[in-house]
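Colleague: For reference, the chains in residue letters:
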Amino acid sequence: MLKVENLHASVGEKDILRGINLTVKAGEVHAIMGPNGSGKSTLASVLAGNEKFTVTQGSVEFMGEDLLPMPIEERSRKGLFLGFQYPVEIPGVSMANFMKMAVNEQRKARGEEPLSAAEYLRMMKEKSAIVELDSKLTSRAVNEGFSGGEKKKNEIFQMAMLDPKLAILDETDSGLDIDALRIVATGVTRLHTNENATVVITHYQRLLDYIVPDYVHVLYKGRIIYTGDKTLALRLEKEGYDWLINNYEE
Amino acid sequence: MKSRLLDIMDAQYLPKGDITESGRWFYTATQSRNITIGCGAKVELLIFDSDRFEADCDEECEATIDIRLEGGAELKLVHVITHDSVTLLNIDLRGDAQCRVTEVMLGASTLKVTSSLMGSNAHFDLNGLFVLVGEQRGSVEVDVNHLHAETTSRTLFKGVASGVARGKFSGMILVEPDAQRILAEQTSRNIVLNEAQILTEPQLEIYADDVKCSHGATVGQLDSDAILYMRQRGLSLEDAKRMQVEGFVSDVVMHAAIERLMEPLQGLLSEKFKQL
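Just so you know, the protein sequences line up as chains A and B, in that order.
Numbering-wise, the numbering used here puts 159 at position 159 of the first sequence, and it's gapless, one number per residue.
Numbering-wise, the numbering used here puts 133 at position 133 of the second sequence, and it's gapless, one number per residue.
Keep in mind the hints are simulated off the structure, nothing from the lab.
Check before you lean on any hint, since a few could be wrong.
16 angstroms max Cα-Cα, derived EDC-like pairs, lysine to aspartate or glutamate [as the list claims (entries may be wrong)]:
no.	chain 1	residue 1	chain 2	residue 2
1	A	K3	A	E61
2	A	K25	A	E61
3	A	K52	B	D143
4	A	K136	A	E150
5	B	K272	B	D225
6	B	K168	B	D143
7	A	K100	B	D239
8	A	K78	A	E89
9	A	K136	A	E126
10	B	K112	B	E62
11	A	K108	B	D239
12	A	K52	B	D223
Model the full assembly from the supplied sequences, consistent with the hints where possible.
Modeller: Here you go:
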C-alpha cells in the first residue's frame, strides 16, 4: 500500500527527514515513536503533501502510484487520511457542510454520484456514533469551541466518514483524558479492516493497548533507527530511548 | 436570486408618505426617498437594486435615502447593493427607537451610512459586508453620531477583496459633549486575497466622559492552516478558499435583520463568491 524509500525532506535549510524507509501493507498497524523533534510529525506532513516541506530525495509509492507529485487533495481522494495533531478551527464553516463537501469530493474521484441529503444524514449519524461524538457538534463550526477531546474525536469521526485506505494519526492521543482516549482508540480499532492500514504516531504506550501494532518503529534524527513488535513500546515506556540512542551512530 | 429575496420578503411596494402602522415593505434603491416611520410602528423593509437597475436609475446611479424613526419606532432593514452605485443612507432615531440594519454590498459601490441617535434609549445596530472582486473599487463609511445621552450602537462590517480589488472602510463614532452614558462599539474585519487591498480606518471622537466606546479593525489573509486542513479532506484549493471566505462573512448573514432573508442572501453571496 505504502512504500517509502530513502525519503529526505527539509524545511528551509534544515534537513528533517534524512532517509526514511517504511513499507506498510493492507491490514497492518504501524506505530511510530521517538523523542521530540525526531521528525515524526514531519513524516506525517510530508506524506499528506504539506507544501511547507520540500522533498529532496527518495520516493513514495501509494496504492501503486507515485505519491510525491500529487497535490494534497489528490492524495486525500486516493485514500490517504491525516489525523491532525492540532485540528484547525474554521470559523463560520459548519462541520456538516464541510464533511458533505469532502465526502462528495471523494465520491466524485471514485466516479460515484453525490450522496442525497437523507443518505448523508444517515451516514453522519452512524459514523458519529463510532466515536460518541455529540451530534450537536456537527452543526457547529469546524472545531470551533471544541474541547481537546472533542477535536480528536472529530478527527476520527472524519476518518470514519471518509473511509481512507491509509490513515496516519499524528498524536491523536495527546491531550486526551482516559475516557476520551478509550473512545478514540476504540473508534480507530473499529475502523480497521484487512483492506486498510493505520500508522499511529504516539509518545505513549497506553494508546497501543487498544490499537495493537504489528510493528513499532523508532524515529530518531530523521531516520528509523529501530523496528520491533508491540513489546518494543512497552520497553520504551519503561526504559526510555537512551539505550537505543546511545547505540546509534550516524 | 434577487427575485427570490422579493418572493421570500412577501411585501408590498413602499408607498409615498409616512409609515404610521407596522408592516412589511420593499423598495428599489434607484431613487432618493424620504421615509418617516411613525411612533411605535414596527417595520420591516427590504431595499435592493432591481435587475433593471441601469434603466431605473437617476443620473449617475446616486441615491439618498433618508429614514427617520419617531419615538419607539422599530425598523429592521436589509439593504442589498449589487450594482455599481453611490448610496447615502441617513437614519435618525428618536427616543426609544430601535434600528437593525443589514448591509450587503456586492457591487463596486460607494456607501455612506450615517446614523444619528437623538433620544434616550435609542439603539442602532448594523451588520454589514462588502465583497469586491477583479478590478472593483468600493468604499464604505459608517458614521454613528450619539447626540443624546443614554443611546447605544453596535457596528460590525466585514470586507472581502480578491484579484486586484481595492476596498476601504471608514468608521466614526461621535459622542457629543452632553451625551453621557453611551455604549458604542464598532468593528471592522477584513480579508484580502491575491493582490487585493483593503484599508480600514476606525475613528472615535468623544466629547463626553461617561461613555464606553470600543473599536477594532483587522485586515488579514486566509488562514493557510485551515486551507491545508480542508484540502487534506479532499477539497480543492478553490473550494477551500471559498468555503473559508463564506465562513468569514457567515455571521453577518446569519444575523440578518430580517431573519427569513438569510437563505436568499446566502444564495446571492454564493453566486458572488464564484468570482473570487
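Colleague: Of the numbered hints stated earlier in the document, which are not met by this structure?
Modeller: Violated hints (numbers, rising): 3, 5, 8; every other hint is consistent with the structure.
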